[in-house]
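Undergrad: One-letter residues, chain by chain:
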Amino acid sequence: MPTLAISVKDLSKKYESGFAVSHANFEVPLGTICGFVGPNGAGKTTTIRMLLGLISPTGGTAEILGESINHPEKYLSQVGAMIEGPAFYPALSGSQNLKVLATLGGFPVERVEELIKTVGLEGRGDSKYKTYSLGMKQRLGIAAALLPNPRILILDEPTNGLDPEGIQEVRDLLKKLASQGTTVFVSSHLLSELELISEYIVMLRKGEVVFAGQLQELMLSQQPVILVKTQSPSDLQRIVEIAKADGHNATIRSEVAHIEGPENWAGILNKKAFEAGIVITQLAPQLPNLEETFFEMTGDQR
Amino acid sequence: MIRVIFAEWRKLRRPTLFLGTLGAALFFTGLTTIFLYLMIDSEQGNSDRGRQVSREVLNLASGSVFGFASVGGLLGIIALCVFAAQTAQEYTYGTLRNLLVRQPGRVRLLAGKLAAMKIFALLLVAIAALVSVGLSVALADRAKVSTELWFTADGYHAIGQTLLNVSISVIYFGIIGMTLGLLLRSPISAISIAVLWILIIENLIGAVKPVTLDWMPGNQLSVIAQGGSPDVSYSHALILGSFYVFIGATIATILFSRRDVAN
Numbered sequence: 001m002p003t004l005a006i007s008v009k010d011l012s013k014k015y016e017s018g019f020a021v022s023h024a025n026f027e028v029p030l031g032t033i034c035g036f037v038g039p040n041g042a043g044k045t046t047t048i049r050m051l052l053g054l055i056s057p058t059g060g061t062a063e064i065l066g067e068s069i070n071h072p073e074k075y076l077s078q079v080g081a082m083i084e085g086p087a088f089y090p091a092l093s094g095s096q097n098l099k100v101l102a103t104l105g106g107f108p109v110e111r112v113e114e115l116i117k118t119v120g121l122e123g124r125g126d127s128k129y130k131t132y133s134l135g136m137k138q139r140l141g142i143a144a145a146l147l148p149n150p151r152i153l154i155l156d157e158p159t160n161g162l163d164p165e166g167i168q169e170v171r172d173l174l175k176k177l178a179s180q181g182t183t184v185f186v187s188s189h190l191l192s193e194l195e196l197i198s199e200y201i202v203m204l205r206k207g208e209v210v211f212a213g214q215l216q217e218l219m220l221s222q223q224p225v226i227l228v229k230t231q232s233p234s235d236l237q238r239i240v241e242i243a244k245a246d247g248h249n250a251t252i253r254s255e256v257a258h259i260e261g262p263e264n265w266a267g268i269l270n271k272k273a274f275e276a277g278i279v280i281t282q283l284a285p286q287l288p289n290l291e292e293t294f295f296e297m298t299g300d301q302r
Numbered sequence: 001m002i003r004v005i006f007a008e009w010r011k012l013r014r015p016t017l018f019l020g021t022l023g024a025a026l027f028f029t030g031l032t033t034i035f036l037y038l039m040i041d042s043e044q045g046n047s048d049r050g051r052q053v054s055r056e057v058l059n060l061a062s063g064s065v066f067g068f069a070s071v072g073g074l075l076g077i078i079a080l081c082v083f084a085a086q087t088a089q090e091y092t093y094g095t096l097r098n099l100l101v102r103q104p105g106r107v108r109l110l111a112g113k114l115a116a117m118k119i120f121a122l123l124l125v126a127i128a129a130l131v132s133v134g135l136s137v138a139l140a141d142r143a144k145v146s147t148e149l150w151f152t153a154d155g156y157h158a159i160g161q162t163l164l165n166v167s168i169s170v171i172y173f174g175i176i177g178m179t180l181g182l183l184l185r186s187p188i189s190a191i192s193i194a195v196l197w198i199l200i201i202e203n204l205i206g207a208v209k210p211v212t213l214d215w216m217p218g219n220q221l222s223v224i225a226q227g228g229s230p231d232v233s234y235s236h237a238l239i240l241g242s243f244y245v246f247i248g249a250t251i252a253t254i255l256f257s258r259r260d261v262a263n
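Respectively, the protein sequence lines represent chains A and B.
The first sequence runs 1 to 302 under our numbering.
The second sequence runs 1 to 263 under our numbering.
Hint data in this document are derived by calculation from the structure and do not stem from the laboratory.
Some hints here could point you the wrong way.
[Unchecked claim] With a straight-line cut-off of 30 Å between C-alpha atoms, the simulated DSSO-like cross-links for lysine-lysine are:
hint, chain 1, residue 1, chain 2, residue 2
1, B, Lys118, A, Lys128
2, A, Lys130, B, Lys118
3, A, Lys176, A, Lys74
All chains should be modelled from the sequences, with the hints used to inform the complete structure.
TA: Right under this line is the structure:
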């Protein structure tokens with residue numbers, strides 16, 4: 001029995017224009033939710049397509065459930081996937097579209113109605129796909145991915161087009177599936193969403209993996225940040241100067257000073273600000289969130 | 001492969017596609033057959049390209065299916081459009097990736113799709129044949145054509161032979177359509193290029209240099225449906241047509257099984 005859901009070794013895809021994915025290495029243990037993070041064009045979809053046997057790698061290897069991606073027929077019956085948004089036949093209803101895929105995959109068509117309900121499309125299953133809103137299309141795409149009752153669920157931007165309630169529902173659904181043993185590999189540009197559900201994170205930038213591992217490990221390795229607001233915004237620059245004088249990096253973003261430093265330095269800062277006659281209205285030490293960590297690690301601008 | 005056939009059939013049987021295609025097939029079948037009998041004495045001819053088909057020809061054992069054989073080429077073009085659209089739209093809709101995730105055997109997927117579309121086409125051919133023969137029987141008296149030999153052993157043999165020829169022709173046209181759909185990955189491009197070539201360019205070139213029609217793919221497939229023509233023999237059309245279809249299908253299969261699915 002494999003212990004890894006996904007194992008990627010030196011995987012590359014090179015086009016004439018350059019590497020879409022370059023020597024990627026990462027592992028995803030079974031039964032976890034793994035966030036796949038990266039800006040547009042980072043190579044997330046190309047990687048997912050390689051894992052699903054849709055495009056051939058130009059280098060390296062990968063295994064899904066212990067089977068090489070050179071033989072997708074050996075593992076795809078246990079994999080559900082939604083790649084680069086939902087894609088269905090506009091003239092068929094949502095149910096008919098799912099039945100086409102259920103028939104093709106050899107899954108019971110009775111499961112279709114159950115899945116229509118699971119994703120919140122009850123009452124609209126018989127409507128033509130072309131009449132669906134973006135959110136409904138997205139839900140149908142998730143239902144299609146769930147058809148095989150998968151051991152691994154690979155979702156590319158599953159919350160695109162969903163309203164906050166829909167995003168919450170998808171989040172809960174993914175958590176529920178993970179609790180039942182399904183491995184969820186989910187890409188999204190909504191890093192705050194992934195932060196809420198992921199145990200593992202794979203970060204991709206310009207085709208290269210910049211981090212792959214436990215989310216907790218990543219967050220704990222980050223320098224804590226102290227957020228400071230002052231009564232007078234003009235005092236923020238003075239706060240930054242105090243921080244820098246004590247050897248801490250500091251910047252001002254959206255009228256808040258961000259100071260890299262340990263939690264216990266917040267008290268020292270408070271004292272120094274008081275002595276300088278600066279009125280602090282907020283002093284909040286915190287760990288950077290996933291989004292901040294991502295920008296920190298990739299060096300990208302927000 | 002049976003799962004692929006059933007899955008494809010779910011798409012093909014939807015009323016707008018099935019009835020729409022059947023309507024087009026019956027329209028051309030009816031029109032061709034009706035003209036054949038109602039314009040039998042017209043000086044402008046009563047068959048394709050203004051040819052004159054006399055009572056003596058229609059009185060023969062093969063007379064009942066003459067109209068059906070004449071419309072074979074048009075039925076083929078309808079099949080070509082359906083096969084091309086059903087194949088190319090998988091790329092334009094982006095649905096090919098879903099299909100390949102559920103059926104990663106690409107050659108199996110292609111073969112299953114083709115088998116389902118063949119069944120669809122053969123159903124259309126059978127219904128068109130029934131309608132054409134029915135119309136021929138109904139109009140024979142009015143056109144003073146004798147049906148005496150139509151339902152003899154020779155007549156039934158002619159019906160079976162024509163049904164086979166039209167089926168081969170229609171399926172060959174369909175495979176050409178599927179090939180173009182796979183190569184061009186756009187229904188509009190595949191259909192427009194094929195129809196433009198078969199209906200216009202081949203005829204233009206043939207009008208200027210008639211000998212070229214002996215080698216034109218569209219003409220070979222139409223001649224197969226007719227069981228041979230005064231200019232091209234049936235065996236020549238069948239061999240050359242099969243060769244064209246084989247080459248096209250082989251190239252398309254190799255490309256489909258190796259090409260990245262990036263949309």
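Undergrad: Are the hints correct? Go through all of them and say.
TA: How the hints compare with the structure:
Between Lys118/B and Lys128/A the CA atoms are separated by roughly 26 Å; this keeps the pair inside 30 Å, and the hint holds. Between Lys130/A and Lys118/B the alpha-carbon distance is near 27 Å, which keeps this suggested pair within the 30 Å criterion. Restraint check for Lys176/A and Lys74/A: the C-alpha separation of about 26 Å stays at or below 30 Å, so the hint holds.
Every hint, counting from the list given before, is met by this structure.
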